[in-house]
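Whenever a hint applies, use it, and build me the whole structure from the sequences.
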Amino acid sequence: SAVISQKPSRDICQRGTSLTIQCQVDSQVTMMFWYRQQPGQSLTLIATANQGSEATYESGFVIDKFPISRPNLTFSTLTVSNMSPEDSSIYLCSVRQGMAEAFFGQGTRLTVV
Amino acid sequence: RKEVEQDPGPFNVPEGATVAFNCTYSNSASQSFFWYRQDCRKEPKLLMSVYSSGNEDGRFTAQLNRASQYISLLIRDSKLSDSATYLCAVFSGNTGKLIFGQGTTLQVKP
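The listed protein sequences correspond, in order, to chains Z and H. Quick note, the first sequence lines up with residues 1 to 113 if you use this note's numbering. Quick note, the second sequence lines up with residues 1001 to 1110 if you use this note's numbering.
Any given hint might turn out to be false.
With a cut-off of at most 25 Å between alpha-carbon atoms, the simulated DSS-like pairs for lysine-lysine come out as follows [said to hold, decoys possible]: (1) K1079/H x K1045/H; (2) K1002/H x K1045/H; (3) K7/Z x K1097/H; (4) K1097/H x K1042/H; (5) K7/Z x K1042/H; (6) K65/Z x K7/Z; (7) K1109/H x K1045/H; (8) K65/Z x K1097/H; (9) K1109/H x K1079/H; (10) K1045/H x K7/Z; (11) K1109/H x K1002/H; (12) K1002/H x K1079/H.
In case anyone wonders, no lab produced these hints; they're calculated from the structure. Predicted model, so just to flag it, every value in this text is computed and none were measured.
Given below as structure tokens:
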């Protein structure tokens, strides 16, 4: 299984600001994803981070709000832009090889005040 | 209809009980199936993959019913440490996405 380091682990941010979350994997992986988990809810896929090209966003998520970078096969960032209290959530980086199981970073617990 | 559905529970059971969770999925092209465990304020961790023939890992048994499009997780001899949220996840080859159910909360009581 891949070892995934995600940071920051938590942050409290002012509304209107932006936060960039980093995800570092200890090996090259084909697929990297970003999920959001709101309190008491399951995981919602935000986007697939594509290496060397623009991310593929799910319905309800847009690049202007959640820009994603993936410069290589071991690293990705997710930025939560122009934050509002509704963005308060846990953001999780995930990796997967093909149809195999997914592994997760420790998550970033974001509170917007 | 959600792509992957679970009964959110909570399931409150005594120690030693046997408990079963089901998870239904709507995409008949789904190819891989998993059960994850998520402890409070932690990331989901893989509990087990679900194979067509069914599979067992100690007290845990997972089964797949393709005809009825559901997977199940059976926990025997429940322990206090089994208290957690159990998430099913379904991978669809035609979308390339891993979709999670809303999770089932289990509380094992002494």
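Compare the distance between the alpha carbons of K1097/H and K1042/H with 25 Å, and conclude whether the hinted pair is satisfied. holds (22 Å)
If you draw a straight line from the CA of K7/Z to the CA of K1042/H, is it 25 Å or shorter? The given pair, whose Cα atoms are some 14 Å apart, holds under the 25 Å limit.
Quickly compare the C-alpha distance for K65/Z and K7/Z to 25 Å and report which way the hint goes. holds (19 Å)
Check whether the Cα positions of K1002/H and K1079/H lie no farther apart than 25 Å. Roughly 31 Å between the alpha carbons, so the hint for K1002/H and K1079/H is violated.
Tell me if the straight-line CA distance from K65/Z to K1097/H falls inside 25 Å. holds (21 Å)
Given hint K1045/H paired with K1079/H - CA-CA distance at most 25 Å: This hinted pair holds, its Cα atoms lying about 18 Å apart.
Holds or violated: are the alpha carbons of K1109/H and K1079/H at most 25 Å from each other? holds (8 Å)
Going straight from one Cα to the other, do K1109/H and K1045/H come out at no more than 25 Å? holds (22 Å)
Measure nothing beyond the straight line between the CA atoms of K1045/H and K7/Z; if it is 25 Å or shorter, mark the hint as holding. Given that 25 Å is the threshold and the Cα spacing comes to 18 Å, the pair holds.
Do the alpha carbons of K1109/H and K1002/H lie within 25 Å of each other, as the hint requires? violated (31 Å)
Just to be careful, I want the Cα atoms of K1002/H and K1045/H compared with a cutoff of 25 Å; is the pair within it? Holds, because 22 Å separates the two Cα atoms, which is no more than 25 Å.
Tell me if the straight-line CA distance from K7/Z to K1097/H falls inside 25 Å. Between K7/Z and K1097/H the Cα gap is close to 24 Å, so the pair holds against 25 Å.
Going down the numbered hints, you'll see the structure goes against 11, 12, while the others check out.
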